[in-house]
Every structure is written in structure tokens, then in C-alpha cells.
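With the hints as your guide, set chain B onto chain A.
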Amino acid sequence: MNSLTPLVVVLVLAIAFGVWYTRSRGEFRKKKTVNGPKLDAAVIGVELGSRVTMVQFSSAFCSPCRATKALLEDMVKTMPDVRYAHIDAESNLELVRKIDIRSTPTTLFLNSDGVEVGRAMGTPKRSQVLDAVNAIR
Amino acid sequence: MAVINQTSSTTKAKLIDARGPRFSAAITTLVLAAALVTQSAALIALQLVVFAIGAFAGPAKTPYAFLYKKFVKPKLKGEVPTEDARPPQFAQSVGLVFAIVALAGSLLSIPALFTVAVGFALAAAFLNAVFNFCLGCEIYLIAVRIFKK
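Chains A and B, in that order, are what the protein sequence lines are.
Take the UniProt record's numbering: the last position of the first sequence gets the number 137, and nothing is skipped along the way.
Take the UniProt record's numbering: the last position of the second sequence gets the number 149, and nothing is skipped along the way.
In isolation and in its complexed conformation, chain B is listed as follows:
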């Protein structure tokens, strides 16, 4: 059996306000719902840029996080709940992949591809916003098990 590594998942955590990503997921839900109904490539392109910022710079650097800090956070009282930045950053990366697939579907005139990709991204954002669904918890380990020897 391999040597037990008990701490690597908790040692280098960068903490952010846990309510920020959930607020961002709510905005993402609205944008993706509008994109799905109108089949709008422009809205997906916009959301793709937001996902890319979240995936590469971090979930606290997106325009939605800016809206949260500017308008929502000052109104909230009580202790700030914090969370590791990596789970929402992982979710933004998954969102980015769906947005790229959706945009490809639009550019290649495959509306079904667009609809399915936006549908999955919308479901994930909605579940995150309403049920506090943790995408990284459910799919990351499965992906590692499949791709890592």
C-alpha cells in the first residue's frame, strides 16, 4: 500500500468569502438561462470570458465577484464564512469547457451541441446557487480515477 498522505489537500488553501462564488453562480444561472432561451452565441461568449477569468485568475477576480464585493457584501452582516478558493476555481474551469463546447456548436451551426452544453453548464450553476452543490466533490475524484494510473 502506498504511503499515506494525510494533509496535502489542506495545507496550501487560499481562503475567500464563501458567499461570493454562490452569488456568482446565481448571476451565471441567469446569463446561461437567457443564452439557452435565445440561443445567443454572444451571451455564451461573454460567460466564456467570465469563466476563463475565474478558472485562471481565480473566482474572486471575475466581474461577478466585483459586483458581489461592491453591492452585496457591504449589506451582509455577521461573520464572513470562508472557503478554499480551489473548489470554485475548479467549477469555473468545468464551466469554461462547457462554454467552449457551446460556442463551437454555435460557430459550427450545430444547435443541438450548443443546447446540450449550455444545458449542462446551466444545471451545474443552478445547483451551485440553489443547493450549494459542490461540483469538484462529485466529479474530480472520478476524473482522477479514470485518467491517472
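Excised from the complex, chain A in its bound form:
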């Protein structure tokens, strides 16, 4: 049976998914209600920033995690009220389930109380991180 139909179906679905995937990676998604659990230094491994803390979850089979880590580490150098924490998802499954991390890299943006304001999946652009951080008071 030679048919082009399966090929066309797969390619159309893959292109649609790929366009959505490319657009949605790195996008900061703000939570409608900020009511999640309070995370603190004992949970994320570093002291909270005085205004914002970015918490990145990474895994072994993830290339963009390295780029995200390099970007965020670089950005916090010039932002004294923002701190950065990096967490290996696989060895912290209890936390991953509790705050529902599904893919890596996922970066949480915490306010000064340690409560999640929003998150970004995939590698964000520098401007996306700046906008997200600046929106948190």
C-alpha cells in the first residue's frame, strides 16, 4: 500500500505543533491568583531575593537547560534584588510533584514571600525575563 495520506497528516500536525511549541517556549505565564505554597531557602537551596527569586528546574536530557542557566545566572549579576536557584528535577521529585513541573527547563518566578507569581517553560529571551521580573513588585 503506497499512500501519501499518513505522511501528509503527520507533517501537518507536526508543523502545527512546532509553530505552537516555538512560540510558547520561554513565554512568561502569569498566575491568575497567587496562592501557591511558600518556598524558602530550605526548599530551593538559596536565600530568597528581596524582590524576586527565579527557580529553574533542569534535567539530564535537556539541552536548553544549559542555555537557560547561563542566561539567568548572567542576568542576576546586575539585579541585586533578584536571586537565582537551580534545581535538578529528577532528584527533587517530591517538590516537582508538589508544584507540578512537567517539562524542563521550567523557571518559576517567586515574589518576596517565596510564592510563585508565574512561570516560563523553555529558554526565555533576555527581554522576556526582564519583563517578567519588572512586573513583580
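Worth double-checking, as some hints may not be accurate.
Unchecked claim - Here chain A is said to cover these stretches of chain B; the calculated rule only asks that three of the stretch's residues, wherever they fall, bring their Cβ under 8 Å from a Cβ of chain A:
| hint | stretch |
| --- | --- |
| 1 | 27-39 |
| 2 | 51-62 |
| 3 | 119-129 |
| 4 | 143-149 |
Stated by the list, open to error - Chain A is nowhere near these chain B residues, computed Cβ spacing over 10 Å in every case:
| hint | residue |
| --- | --- |
| 5 | D17 |
| 6 | L43 |
| 7 | A45 |
| 8 | K70 |
| 9 | K73 |
| 10 | V101 |
| 11 | L108 |
| 12 | L135 |
Note that these hints are calculated values from the structure, not bench results.
In this text, a Cβ means the ideal position worked out from N, Cα and C, and glycines have one as well.
Using the frame of chain A, we list chain B on its own:
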């Protein structure tokens, strides 16, 4: 709460040329597309061997990686972008599973199984080649969450 482990994902990285796996994904896309259209078990068997080499020996050891190093890399200029070998190796393992299922479908005369398995493998390879889709990023943690206590 468990002790925070911050570094285990970045300590033992073996770095390879990041463009190699993407070139390999493009060749894989063409082979799988041809296999899907012709329903060819032989093409899937060939791709299965390539996936197996990539999954067990590493993505830089496959015949496609050899083609990349021999014919494509010498023509590329600029700094070599590197990446951890483990994400593409994981993707090759997932590809291997789909190829095994597809070949089983062919041997057991279940054409629908063949078509669906090749279709998923093709979609993943195509997304990797065209959109730089990271399969390990999207499915590994979900799998760990399901299977690991």
C-alpha cells in the same frame, strides 16, 4: 523536603557538536518519510540499526554523524556550538523504541501499528530537525514522575 541536589544534571556532561544531531534528524526524517510512504520494513530495519548505535554508542557514532563530519562540518564556518550528548542520546533511545514497535507491526502483519509507530518517530525527528524540538525536555520528566516513586 528532600535534600536539594543542584548540580547532578550538569556535572558529567560529554559535549558534542550541537549541529550534528540536528543534521542526523534531517536524514532520519527523510528515511522515515520514505518508510511511511512505501510501508517499507527494510527502511525501518535500517533506521532501527542507526537508532541503536545512537542510543548505545552515542549520537556522534552513527553513520549519519559520520556523513555530517565528513561532508557538512568542513563547510561550516564560525564557532562550534556544543551540547551535552545525553539529550540527543535519549532521543535516539525513544526513536529505537518506535522503530522496534514499527518493525513488530510489519512482522506481525499489523500495518496500522507500523504506520502509527513510524508516524510518531517521523513527527519527533521532523520537529527536532525543523524546530529544534527537545524530546528529552518534554517527556523525560513526565516519565520519571510516572514510574519513579
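Exercise. Looking back at the numbered hints, which does the structure fail to meet, lowest number first?
Worked result: 2 and 12
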